[in-house]
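The primary structure of each chain is shown beneath.
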Amino acid sequence: MKELINFLSIPQYAFTSLLILFFIGIKKIDFVGSKKFGKILFWGTIIFFLWAMTDSVFFATISWPDNIPIGILIAIVLWSTWFSIHKAVENDARIAKGEPPIEGTPENREKVWTWPNLVYTELFAIIACTIFLVVWAILFKAPLEEPANPTWAPNPAKAPWYFLGLQEMLVYFDPWLAGVVLPGMIIVGLCAIPYIDINPLGNGYYTFKQRKFAITTFLFGWLVLWIFLIIVGTFLRGPNWTFYGPFEFWDHHKVVAENNINLSEIFWIKLLNVGLPQNIFLREILGILGTIGYFASVPLITKYWGKNYLKRMGNIRYYLMIGLMLVMMSLPIKMYLRWLINLKYIVFMPEFEFNI
Amino acid sequence: MKREPGMAYNMKTLNKVFAVLSIVFMFATVWMVLDDYIRPWKAVQVKALEIKKKVLLEKVKAEETSIDGEKVKAAQEAIVAAEAEIAKNEENLKELNSKLSKAVKAVYVQNMYKGVVTSQKNATQYKFEHAEDAKDKSGAKKYKAKFDELVETEKVAVDELKAYQQTESQVRAEITKSEEALIKAKKEMDDLVGAKERLLTAIAQTDKNPVWLLRNSPFIDYLDPTVKITQYVINKVHDDRYFQAVPRVDRCTTCHVFIDQKGFEDQPQPYKTHPNIDALAVGENSAHPIKEFGCTSCHQGEGHRVNDFNAVVHTPRNEEQKKEWMEKYHWHEPHKIPQPMYRTQDTEAACIKCHKDEVRLSFAPRHNEGRELIETYGCYGCHKIDGIAGWKELPKPGPSLAKIKGKTNKEFLKNWIWSPHTYNPKSKMPAFFNQANNSNAEFQRLNIAEVNSMAEYIWSKSADYAPFKKFEGGNKEKGKQLVQTIGCLGCHEIAGVDAPYDSVKAKKASYLSAIGSKVNPDWLVSWLKKPSHYDPTTIMPSFRLSDRDANDIASYLLSFKNTKFEQMEFTSLDKQARDELLLEYFSQFDTMETANANLAKLSDEERTHELGYRSIGKYGCYSCHNIQGFEPDRAPIGPELTKVGSKPVEQFGFGHQKIEHSRHAWIEAHLEQPSRWDIGVPKPFKDLTKMPNFYLEKEEIQAITTYLVGLVGDKVPLLGQNRLSANKKLAQEGKAVAVKYNCQGCHKIDDWGGYITKAYEDDLNQGPPYLVKEGHRVQTDWLYDFLRNVHPIRSYVKVRMPTFNFSTDEINKLIAYFQADADQGTFVEMDEYLTWEPGEKEAAKKLWNDLACVTCHTGGFNNETPQAPNLHFAKKRLRPTWIQKWLTNPSAMMEYTVMPNFWENGTISASEGVLGDDPQRQIRALTKYILEFSYDRNPQPWPKDGQ
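Here the protein sequences come in this chain order: A and B. All residue numbers for the first sequence refer to this note's numbering, where the first residue is 2 and numbers rise by one. All residue numbers for the second sequence refer to this note's numbering, where the first residue is -12 and numbers rise by one.
A hint or two may mislead.
No farther apart than 25 Å at their CA atoms in a straight line, the calculated lysine to any residue pairs in the SDA-like style are these [unchecked claim]:
| # | chain 1 | residue 1 | chain 2 | residue 2 |
| --- | --- | --- | --- | --- |
| 1 | B | K323 | A | D252 |
| 2 | A | K142 | B | E314 |
| 3 | A | K255 | B | K670 |
| 4 | A | K255 | B | V636 |
| 5 | B | K215 | A | A138 |
| 6 | B | K413 | B | K492 |
| 7 | A | K142 | B | P327 |
| 8 | B | K828 | B | C843 |
| 9 | B | K785 | B | Y728 |
| 10 | B | K634 | A | D252 |
| 11 | B | K3 | B | P(-8) |
| 12 | A | K112 | B | N(-3) |
| 13 | A | K255 | B | D674 |
| 14 | B | K323 | A | W65 |
Please keep in mind that the hints were generated in silico from the structure rather than gathered at the bench.
When you get a sec, could you build the whole thing from the sequences and use the hints?
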């Protein structure tokens, strides 16, 4: 069993399974939002963790002081995602019956006083949080380590948990992309959402059916691309950033065979069996064309799929959205290219520090 | 439940939640404070108070038994009587006391008045000077007048003050006088019981009374706690904080409370007193006071941490202690710690960090032992170790193979390389083959081909050597006697010698156990006669043997045979294995095709020699032996060990061995069985670990480990280094020469060496003389001449001073060493000893006769067997100041000497009525007398060929 889980957690299998589960979940959203599923999820997770904790390696990883907040975080993410879907599914059922959403019923539209209803409860939250932090700090003391030594970095050297998704992206992308361009695009993209998304449906109440595309896209980027990468980066990456299954001992000397090659090498050497051309643009022509082609495929997408959106959103909003979508999708695409054909870079031009 | 309008929640419920949260918050806060307050080291300090109390109580008890009750009673009575006397004069005393208080008041008031006047005077002076500077003439005049006036006033005030003070002291004297008897009685009492009372006061300070509690309670303990972290900031050793070196901070004394106080030697850790506190470390007057060196300068570890036992990175000394600590303190292997604490037994490892220039450290026997072993086994041959004083001068550890043909035979060479310990169980040549990583049939087949080729190569490169003497047979028994007595045992351990000679066990040169199975007899005789004839670079000296003696010794040594070894027949060369290996070398950078072509170009012999050459390079034989065909400056094959003590533990390969992950554990395991790291690793033949097995004893391994873990990369600031003066540095160079030629093997030089003297414990006079302040004893020119042309000094001693093959530079360094160690200059002022004062010469003659010097110093006076050196050669050899010092107290310089202490350290006259019974004058006169009859030359040197 443990071996099977270790095997299934290897990023390519785990990611693929997650992808499939995600889309099944979207299809069967009513079931996912049901209380029954919530119970299964809750008890399933608890039973799994109780069982897994009996394994010393798993326990050591999960109970390492640095990892505890991430564990808590994942639990909260699971709970809040299910809870919002649950609410949305309830509302969707009401809307289908012609009733207003729960948030829209007359008793829920009544207004209450800020004091004490808000301010007092906020004070509770503050006190409760302080208690939690104090107790936590007592029980799990901040480790006192030796002074930082630039010539002797810890192995694995991990970023703070919220950056571990980015750090995991470094496995697949050039630092320039994974460290600068993509994070920049994420921030800009998130800022742009209110301006791109002008659909008033779903304001003030939970719904899924009315905002299917928006929610699916968000959950895909959030759960599949971001949370998943954080989990992998936190729990499954050990010394030398090598992959370790949840029940696998972090052996510093684990050796993995990883020989990645560039698209240009696959094309010129493997397929055409000639040397690499001297001219770097000629050398990288396939990657350059492919990349241009990828971003130029918008008209095609529009033709078959986005006509209604284009009409509703207008040109600027629509093309911005498609651009951001394409950038987002480049992450799983590159991941799969790495897993399937050991691809290092699509375009490899270290002469310009341009590697994608 | 019905809700009020405008309310989402019930107010009462909200209040309840608030109440619960507040209470929990309060508890959390209290918990936080307690968690911060309760620290492991505080418990240690509280217990230390109890221990201190116990120790003090014991002292009080000891004190009590020594107090004489009768005397106390008498002192008590004296006090009562004195008090009664004073009571009689009560009126008078009262009056005196009131006078005193008046006088004190007057002095006080006058002092205040004088202060005011003085400050006004000074202020006016400033104003006057300022006005002058500003050219304000009228102002200057005004202030000058006022200043003069104030100067006068001050004078008067001071005079009055002096008068009052006088009165006060007069009154005080009167009071003291009237109480004199009482004060004296009280002083007597204090002499009797004062020590005990002071101890009781000290005990009272260990009480945990309410004030103590208050001072150490939470929130208040920042003011003036008694339980607190103590620390030393050390400038002599720095912590490398990677971008800056900062003074080290040691807080070890927070728990090791009594480390610098005597009287706690028997307490358990951490309450123990530091050993050797007065001379070596910690003590105020020791070489390394704690205030200057702290603790971690020597012990290492994270001395600034006080969290708990493990934070400091204590290292257990052995498995037992490790187990004990695991139970007691949850000890675990340190993580990410650059320098854990040294094990107790490794503490001397730290010495070399600051004592870089010294060849031996008088206070660090284990360090010296480790160093000596590294020199003996020649670790420095394969491993570069930089910055160690004296190691650049060391010769290659193994003998030269440049003329091996003349010494032994090829079959011996092969078997020897294959298994040196079969021939000689104490061989210093390590075993490369038959180890855990190369014992399978396939690897042995290849190894055998390598050994064959190496031997062939060495043989082909060896020059011819024709011994200049023939072995003519000799008297074995006489040979044995010679071997035992002339000094061979200073360097060689030799099989079959009798007690007490077998106790020496010298390791400098090879163990001679089966010479008969090894060498060509003619070679042996020639070698014994003149080692440099065979090898001009050898350190083996000539003992000036006659042909007869050399033959006797040879016949004794040749009688030792190792029949088992002689019967070994080495498997002949497997040409296929040889070619396989060669192909592997050739195809390193070329294709198989090219490699085959290159191989085909070589003749059969060339192939063998090629593999021999490459194998010698592979196993690093050239690092220890001089082999023709290898450049002398070819880099050694082992990894550099200059900073092995700082190498991160993560960088040591522990393979599949279950060994504690620490530097010392790795080094010990490595020295015990170097091939172990290959066990369970499917390595190809060419990548096998090549470090050979020395079959070291456990103690040897531990001493070497201690030395190696001390080779750290830390930069010690100049302030912390033990920097030697130019003279002392030169002395260390000379000491290195002494190490090279093993002078200390025979001579005890001050407090160092003299290993052969173990055989002479019955009568040290028959052994090589101790060299105590030799630089002061002998003259520079004499020593230079003696080391070149050895001549007889103590003809009654059988051990011979050999004739070494010193270079001029080496002799000069040796002389510099002896002189610097004795703080002695080069030149001798002889003139003042060559003129007599009136009557002095007659007195000297009388002394000479009275003391019967000739009884022992017979040389040149009669023909009886001498028991002491011939004094006719004293003038060229000895320094007059030394002769005087020697005469004053001979056994202070040489503990075993039979020379009588005539003057008993210069306190009594040796001969009544001579020179006014002044011992100094007598000694001086006798010195002059000896110098006068001495010859102006040295004795004839021993003939070098022993004829």
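Just pull the numbers of the violated hints for me, sorted ascending. none
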